[in-house]
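Chains as they are written, first to last, in our numbering: chain S, 1 to 131; chain P, 1 to 131; chain W, 1 to 131; chain E, 1 to 131.
FYI, nobody ran anything at the bench for these hints, they're computed from the structure. Hints should not be assumed to be uniformly reliable.
As the list makes no split between identical chains, a pair holds if one copy fits it or if it spans any two.
[What the hints assert, rightly or not] Okay, derived cross-link-like pairs now, BS3-like style, lysine-lysine, Cα gap no bigger than 27 angstroms in a straight line:
#1 K66 to K118
#2 K13 to K45
#3 K45 to K81
#4 K126 to K45
#5 K9 to K45
#6 K81 to K66
#7 K14 to K45
Please read all numbers here as calculations on a predicted model, not as lab measurements.
This is what each chain is made of:
4 protein chains.
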Amino acid sequence: MSAEDSARKFFNKKMTDRERAIFEGAVGLSSIYHQFIGTPISRDKDAIEALEEAIRRSTLLQPYKKDVKVKLNITGDYSKKDAYDYRSLEGRDFDVTIVTEYGDSRVTSCMRYIPEMKYVLMYVEKIEDTV
Amino acid sequence: MSAEDSARKFFNKKMTDRERAIFEGAVGLSSIYHQFIGTPISRDKDAIEALEEAIRRSTLLQPYKKDVKVKLNITGDYSKKDAYDYRSLEGRDFDVTIVTEYGDSRVTSCMRYIPEMKYVLMYVEKIEDTV
Amino acid sequence: MSAEDSARKFFNKKMTDRERAIFEGAVGLSSIYHQFIGTPISRDKDAIEALEEAIRRSTLLQPYKKDVKVKLNITGDYSKKDAYDYRSLEGRDFDVTIVTEYGDSRVTSCMRYIPEMKYVLMYVEKIEDTV
Amino acid sequence: MSAEDSARKFFNKKMTDRERAIFEGAVGLSSIYHQFIGTPISRDKDAIEALEEAIRRSTLLQPYKKDVKVKLNITGDYSKKDAYDYRSLEGRDFDVTIVTEYGDSRVTSCMRYIPEMKYVLMYVEKIEDTV
Chain S
1 MSAEDSARKF FNKKMTDRER AIFEGAVGLS SIYHQFIGTP ISRDKDAIEA
51 LEEAIRRSTL LQPYKKDVKV KLNITGDYSK KDAYDYRSLE GRDFDVTIVT
101 EYGDSRVTSC MRYIPEMKYV LMYVEKIEDT V
Chain P
1 MSAEDSARKF FNKKMTDRER AIFEGAVGLS SIYHQFIGTP ISRDKDAIEA
51 LEEAIRRSTL LQPYKKDVKV KLNITGDYSK KDAYDYRSLE GRDFDVTIVT
101 EYGDSRVTSC MRYIPEMKYV LMYVEKIEDT V
Chain W
1 MSAEDSARKF FNKKMTDRER AIFEGAVGLS SIYHQFIGTP ISRDKDAIEA
51 LEEAIRRSTL LQPYKKDVKV KLNITGDYSK KDAYDYRSLE GRDFDVTIVT
101 EYGDSRVTSC MRYIPEMKYV LMYVEKIEDT V
Chain E
1 MSAEDSARKF FNKKMTDRER AIFEGAVGLS SIYHQFIGTP ISRDKDAIEA
51 LEEAIRRSTL LQPYKKDVKV KLNITGDYSK KDAYDYRSLE GRDFDVTIVT
101 EYGDSRVTSC MRYIPEMKYV LMYVEKIEDT V
C-alpha cells in the first residue's frame, strides 16, 4: 500500500506508518464533526438513518479509511406538534468509530460526548499491527 | 395551516402567505448549499445516492417544505486509481428543487449551476395558488 | 438595479421586487447559520469579534445585501481552566440582521433564538419602499 | 502539560506524545477545511483578511494548538461587475500551517493544494522534540 501512496513524499520522513494511520483517523473524525453539525434532524428514523449512511459512505472515500461506524443519538422530545419541531445536529449526537490502515498499522479512532468533560472528544482507542 | 404557526407573530404584518412561502424556499436552498458543500464525494453511486437522500430528508424537516428533489451531478474522472481519487462536493454539483406551501400559496424554488453566469443560482421557478 | 440583474430571467415573471428582496434575505440568514455553526468559540473577545467580522463581510458579498449586523452571544463558563475549555458555535448564539434591497423594496430579516419556541427563528422584521 | 490533560485516559495507553501532537494537528486542519469551505469570498482584501483571522483565532482555541497560519489564495477575476461577482471558498484556496505541542513533541502540519495530485493535501511537515 505504501508504495502506491503518491502523497508520501510530502510527509516528514520520520513519520511512521502508525503515525500516518493516526493522522488519517483524526482527519476523518474532524471532517464528520465540522461537515455535518447543523444538519436539520428530528426523531424521524428514516432521516436519521439516511444521514448516518451518508456520513459513513462519504467518509469511507477519504484515504486509508477501512471502516466507519456512525450512530447518531438523537434525544429530545420531537413529537411533530408543529412546523418547528426539529433541531440541528449537535456534536454530542455523534457516536463515531473510524478504522484506518496504513502500511502494517491499524488504528481505531472514536468521537463521542464525554459527560464528565462536557466535551465531544476525538480520541484513539486502539493501535494494532496487521502483521 | 397559518393558524397553527407559532412563529407568525414575529414576521412583519404586511407579509403575505406567498412571500412567506418564498422565504421558506430560500432558507431551504441556502441551507443545503452551505451545509453539504465540502462533503467527500466520488463517482461511487451508493455514496451519491446516500447523500442525496440525506439532504432530501433533512431538508423536509424544515418548516413548510412539501417536496424536495436533490440530484447531485458528479462529473470528473474518478476511476479509483489511488487513495486520493475523490473530491469535495461543490456548488455546481447541485440540482435541487424545493416546493414550499404556506396558507394558500405554493412556491417552487430551484438551485442549479448556470453556465452563462458561471454561478450557482438560487431562484423561484413557479408561484401558484393552491385554492 | 433591476436592469443589471443577469439572473432576473431565471426568476418567475410574477415575482415582485419586494418578494425578491425577501428571498435574498432568507438566503443570507440561512447561509450564515449552516456555514458557521460548529466553529470553535469561547469567551475570548478577539476570537468572537474576528468571527463576527468574517461573517458580516462574507455575507455582504452575496447579491443585494445592503447591510449585515452580526452579534454572537457566547454564554457559558469558559475560564480556560484546561485545553478543552471552549465549545462550538450554536444556532442560539446568533443575533443577526440583514438588510436587502431590490428595485424599490428594502427588507430587514433577522435570525435569533426565541426562548418560548426553543427555536432559532429566521423571520422578516420590516418591509419598506425606498421611493 | 500531560499531567493536566483530562482527556488522556480515553486515549490508548500505547500512544506517544508525538502521536498525540500529530493527531491534534490533523483535527485542526480537517476542521478548517470542512468548516469554512463554501464561505462567500471575492478579491475584496478586507473580507479575505477577516476570514483568515477568524479561522486562525477559532482554530487556536482547540486543544494543543500553539500556532496557526492561514493564507487564503483567492484567484480568479472578480471585478465586481455585477451582483454575482464572488464565489465560494474552495479547498484549493487554503494555505494553512498548524503547530501543535503535546508533552515534549512539536509537530508542524500543513494543508495546501498539490497541483500534480489535483488534491488538497493535509500532511505532516515537521516533527521536533522541544527538549
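Each hint tested on the structure:
In this homomeric assembly, K66 and K118 come within 27 angstroms of each other (Cα to Cα) only across copies, at 23 angstroms, whereas the closest approach inside a single copy is 30 angstroms. Proximity of K13 and K45 under a CA criterion of 27 angstroms is satisfied in neither setting, with 47 angstroms inside one chain copy and 37 angstroms between copies. Taking identical chains as interchangeable, the C-alpha atoms of K45 and K81 lie at most 27 angstroms apart only when both belong to the same chain, with a minimum of 17 angstroms there against 36 angstroms between chains. In this assembly of identical chains, K126 and K45 lie within 27 angstroms of each other by CA distance neither inside one copy nor across copies; the values are 31 angstroms within and 32 angstroms between.
When the C-alpha separation of K9 and K45 is checked against a cutoff of 27 angstroms, the pair qualifies neither within a copy, at 45 angstroms, nor between copies, at 32 angstroms. Only between protomers do K81 and K66 lie at most 27 angstroms apart by alpha-carbon distance; the minimum there is 16 angstroms, versus 41 angstroms within a single protomer. Taking the closest pair of Cα atoms, K14 and K45 never come within 27 angstroms of each other, the shortest separation being 47 angstroms inside a single copy and 38 angstroms across copies.
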